[in-house]
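Model the full assembly from the supplied sequences, consistent with the hints where possible.
Chains as they are written, first to last, in UniProt numbering: chain Y, 1 to 187; chain A, 1 to 187.
It is worth saying that the hints were derived from the structure and are not from the lab. Just so it is clear, CB atoms sit at the ideal spot from N, CA and C, and this is done for glycine as well. One should not assume that every hint holds.
[Unchecked claim] Covered by chain A, according to a simulated footprint, are these stretches of chain Y (three or more residues, beta-carbon under 8 Å):
no.	segment
1	11-19
2	96-102
3	133-146
4	175-185
2 protein chains.
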Amino acid sequence: MDTKERLIESTRELLWERGYVGTSPKAIQQRSGTGQGSMYHHFRGKPDLALVAITRSAEELRDRAEAVFSGPGTSIERITAYLRRERDALRGCPVGRLTQDPDVMADPELRCPVEAVFAWLRVRFTGALTEARENGEMDAALDPAATATALVAVLQGGYVLARAAADPQVYALAVDGALSLLAVHAH
Amino acid sequence: MDTKERLIESTRELLWERGYVGTSPKAIQQRSGTGQGSMYHHFRGKPDLALVAITRSAEELRDRAEAVFSGPGTSIERITAYLRRERDALRGCPVGRLTQDPDVMADPELRCPVEAVFAWLRVRFTGALTEARENGEMDAALDPAATATALVAVLQGGYVLARAAADPQVYALAVDGALSLLAVHAH
DNA sequence: GTCTATAGTAAGATAGAC
DNA sequence: GTCTATCTTACTATAGAC
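The structure is reproduced here in structure tokens:
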């Protein structure tokens, strides 16, 4: 991995662990094993580097979700697979955590990839649920868009509760609860 | 409001808006209209003041929830009332946002009130759902603890999605989706 | 491309006057 | 109790040598 790449990956890690406000150029340089010179040669500054890192994390989230949603199984099976996908619950979501960062939300450029990937994810979930309803896998009384948003919220909120409890099983419990609610409405 | 009180309230606001890492003593002093002298007279430092502020925010969350859960209506009605309670979705949860703060989570003292209030809230929800199940208001196939955790997660995740979309209606949509899933239907 | 030197601003806190 | 002065370290970045 070359220097530029190490800078990006180190930034991704630090943004995940400490957020944008809590990540200093110095910390990025130390983790990546580079000096100031390298960082400011490859990037204009912290916001520029962060934009590349955030964009990549958002793409990764999207790609991993797309792999599940375009995979095998019925609509409900694919949704279940996505919800149950192995995750490090205590680390939380590398993109979702950025919504709590005031400097990220205040900067239209940094905010854009965050906004876009969650909009995409909700639409993807909505599509799968619409399919499920058409195939008779889901109660026709449920609104796909509202249900999709609730399910994605369970994931993001599950991270919050798991971190609050310092227990990854709390995340699993939230997912179990959501899937059981969905199962009650299966046909 | 005296000086000490202004310091606490200003800190609560800033922790809500910017988190612990993003809140400096200087910012607290400016918002509260006090000087360094006052802050360091009333508190040992930033962590000490933050502990008082976090504890108060957690108590407030608890009191407001307790008011709804011990209020009138059936179990499901009270749960619905709590989920639909008026909230400023884009501001997020003043306590939940702290779970994303590395310095809060790393300090056992600061972490404690956050952990405690969410543990309490999940138990309170679980109790209400257990009641609901006994009264036939909820499908007997649902586990109260898992369902409770999922519902609290929808709130916390709803904030995340609303902030990502810069749209409070996304929060409302998540809540709608969750309540529809909870609603008992004629099967 | 990477290194060191440098610099202005802010963070977080202490000391002592009033 | 509050104010101002002071201190050390960190943040974020620029300049110029190599």
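inquiry  = Going through the numbered hints above, which ones does this structure break? Give me the numbers in ascending order.
reply    = none
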